[in-house]
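A.B. asks: Chains A and B are the protein sequences, given in the same order. Residues 1 to 250 (UniProt numbering) are what the first sequence spells out, left to right. Residues 1 to 109 (UniProt numbering) are what the second sequence spells out, left to right.
Because the hints were derived from the structure by calculation, they are not lab data. Note that CB positions come from ideal geometry on N, CA and C, so glycine has one too. Any given hint could be a false lead.
[To be verified] Among chain A residues calculated to face chain B with C-beta under 10 Å, some are:
#1 G40
#2 Q54
#3 L57
#4 V82
#5 V100
#6 F109
#7 Y132
#8 T189
#9 L208
#10 V219
#11 P221
[Claimed, not checked] Chain B regions said to be covered by chain A (calculated; three or more residues, Cβ under 8 Å):
#12 39 to 51
#13 57 to 68
What follows is the residue order along each chain.
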Amino acid sequence: MGIRTAVADRPTAFDASTPARRGRSEARRAFEESAAVGLGFIPLGVAFGALVTQSGLDWWWAALSSALIYGGSFEFLLIGLVGAAAPLATVAVTAFLVNVRHVFYALSFPLHRVRGRLGKAYSTFALTDEAYALTGTAGARAWPGQRVLWVQLLLHLYWVGGATAGALLGALIPDGVVGLEFALTALFTVLALDAVRERRHDLPTPLLALLSALLAWVVAPDRLLLVAFALFTAALLARHVATRREAGRA
Amino acid sequence: MPDPGYAVAAVLVAAAVTWALRALPFAALAPLRASGTVQYLSTRMPAGVMVILVVYCLHDVEVTQARALAPLAALAVTVWLHLRWRNALLSILGGTLTHVTLASTLFGA
Chain A
1 MGIRTAVADR
11 PTAFDASTPA
21 RRGRSEARRA
31 FEESAAVGLG
41 FIPLGVAFGA
51 LVTQSGLDWW
61 WAALSSALIY
71 GGSFEFLLIG
81 LVGAAAPLAT
91 VAVTAFLVNV
101 RHVFYALSFP
111 LHRVRGRLGK
121 AYSTFALTDE
131 AYALTGTAGA
141 RAWPGQRVLW
151 VQLLLHLYWV
161 GGATAGALLG
171 ALIPDGVVGL
181 EFALTALFTV
191 LALDAVRERR
201 HDLPTPLLAL
211 LSALLAWVVA
221 PDRLLLVAFA
231 LFTAALLARH
241 VATRREAGRA
Chain B
1 MPDPGYAVAA
11 VLVAAAVTWA
21 LRALPFAALA
31 PLRASGTVQY
41 LSTRMPAGVM
51 VILVVYCLHD
61 VEVTQARALA
71 PLAALAVTVW
81 LHLRWRNALL
91 SILGGTLTHV
101 TLASTLFGA
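Chain B on its own, in the form it takes in the complex (with noise of 0.2 Å):
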């Protein structure tokens, strides 16, 4: 364990910078809300933000190793049990089980 006033510390530090990030943003932004601008922006960002984060989770999977096979199809599996049953839990339940039990087995370390 680091000393733990440092680990708290870090803790902290973080915890501003996020809120700030999450905050102030609000402030600058207040006067634009009514424009038609962002508007158009806020019904389209949610769609594309969650597909960025997607692409972000994965960009360090090197796609030339084998063990790149255990993120890829354990994203195959997320995506074919939600198209099919539409329930989030089964969803990431069945396919981080597929990538926990690929990456311990066959591409373990």
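Chain A on its own, in the form it takes in the complex (with noise of 0.2 Å):
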């Protein structure tokens, strides 16, 4: 941790006299810390909105949808579905069965240092996978809640600003121009390999994550990230009560 951190996270009689500079300072931090990951969704929301209207529909649309649904998988999802006009309960049971993977992210993502009704509520409506990976990094342990809130707001308008710009310009790519969708599969590559290297003393927890998707893969393809989720939580369950008696009886 940076002598800057320590700085930032213990507030001075300065920054207590000034909240504004101190918010203004919180925003630069999480420009620095999102601004990798967050440039990373421009190829992405130029996928998606050139999807968008590829598929016959509007710019607008791409906007809306990233806008007010956030959450860049099922987006892609989405597309075909209305497309094909899908009933909308269709719609509700795919984002139910794509999105319920973010229940487990309540077990660990600091809401609790976030302040103020608005914006928990806006903290769990921008809750998504890439938000918490940054934030739950241990360099992020220190982050004020100020800071963990500007994160995700900047990746929100980057994703909106990505998936606009996408629309609007998508018309401009070649037909025979494909592939733009691998951003996401790169992007979360990139979000493992930085969380792996974070624990690095703990291997078995990325090969239990690896083996429960393996797995998940063969017996549900359908459902493989539902029954991924669910036995890599099992697995470190049992892994956690198995360190503890063997804590016990030593």
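Reconstruct the complex from the two isolated chains, following the hints.
C.D. replies: As structure tokens, this is what we get:
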């Protein structure tokens, strides 16, 4: 942890007298923390926006979807559903199945650090995979609530901006150019590598996750996310019980 | 363009379901936050969750077909770039560019 963090975390008399200045410095820190991942949203947003217009939907629908749903992987699926005029009940069930993984994030996301009802409401709304990954790092444990909120807001703006730009400019992408959606895979790969590197003394955790995902792929390919998250959580709990028992015996 | 009213309604329904899934568990899990087990999970889950999401993104790759080489090569490029330079933007752009190039040329439909 650098000196700057220590300074930012301990409000001085000067900071306390000018909360606006403190807010601005939190915004700047949040910008630095979220820039790399946030900029990764741009190719992803362009891919999403381009797909929206290629599917015959208007550009404003990409802006509306990215602003109000704000869940990248599900929004890609929704394009197909809306294009096929799927019943709203199907939309609701699919949203539930793809996004149910978010219930696991409540176990560790630092919502208790975010102040105010409005702030907390927005923070739960903008609790994406990327926001969860960025605020779950060891370095982020010292972040004040204000910085957590700023990171979420900036990621949201990157996503809406990328999607809208992609929808407006998507027509310029030649028809033969495909495969932009890989940006989502690349984004999760980068977040996984960073998270694993941070816990390099703990290789069983990513290995258990990989095994859970591969097992889920074999037994329930249509419910991969839900089954994999459940298996992984169960495996971690079993490991926790086993370690405690061992510690008790020693 | 499908009926705009329907397209907007679909967004609103999906947004409501997604927000509920993100917000409601906090109320249900609030009493558990202090427990040692939840603390144990909270430090270990982020790394595992991201690994699972990577597998999810790749799960419709058909490994028996030649076109599977595009995402697999792009994944290798992403990992290599990230281990080498640790720059998220470079890794994402390099991986995506590799995928777009391969998928649009060699393995284009």
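A.B. asks: Does each hint fit the structure? Answer for all of them.
C.D. replies: Against the structure, the hints come out as follows:
no.: 1; hint: G40; in the structure: holds, 4 Å
no.: 2; hint: Q54; in the structure: violated, 12 Å
no.: 3; hint: L57; in the structure: holds, 6 Å
no.: 4; hint: V82; in the structure: holds, 5 Å
no.: 5; hint: V100; in the structure: holds, 6 Å
no.: 6; hint: F109; in the structure: holds, 8 Å
no.: 7; hint: Y132; in the structure: holds, 7 Å
no.: 8; hint: T189; in the structure: holds, 5 Å
no.: 9; hint: L208; in the structure: holds, 7 Å
no.: 10; hint: V219; in the structure: violated, 13 Å
no.: 11; hint: P221; in the structure: holds, 6 Å
no.: 12; hint: 39 to 51; in the structure: holds (count 12)
no.: 13; hint: 57 to 68; in the structure: holds (count 3)
Against the hints set out earlier in the document, violations occur for numbers 2, 10.
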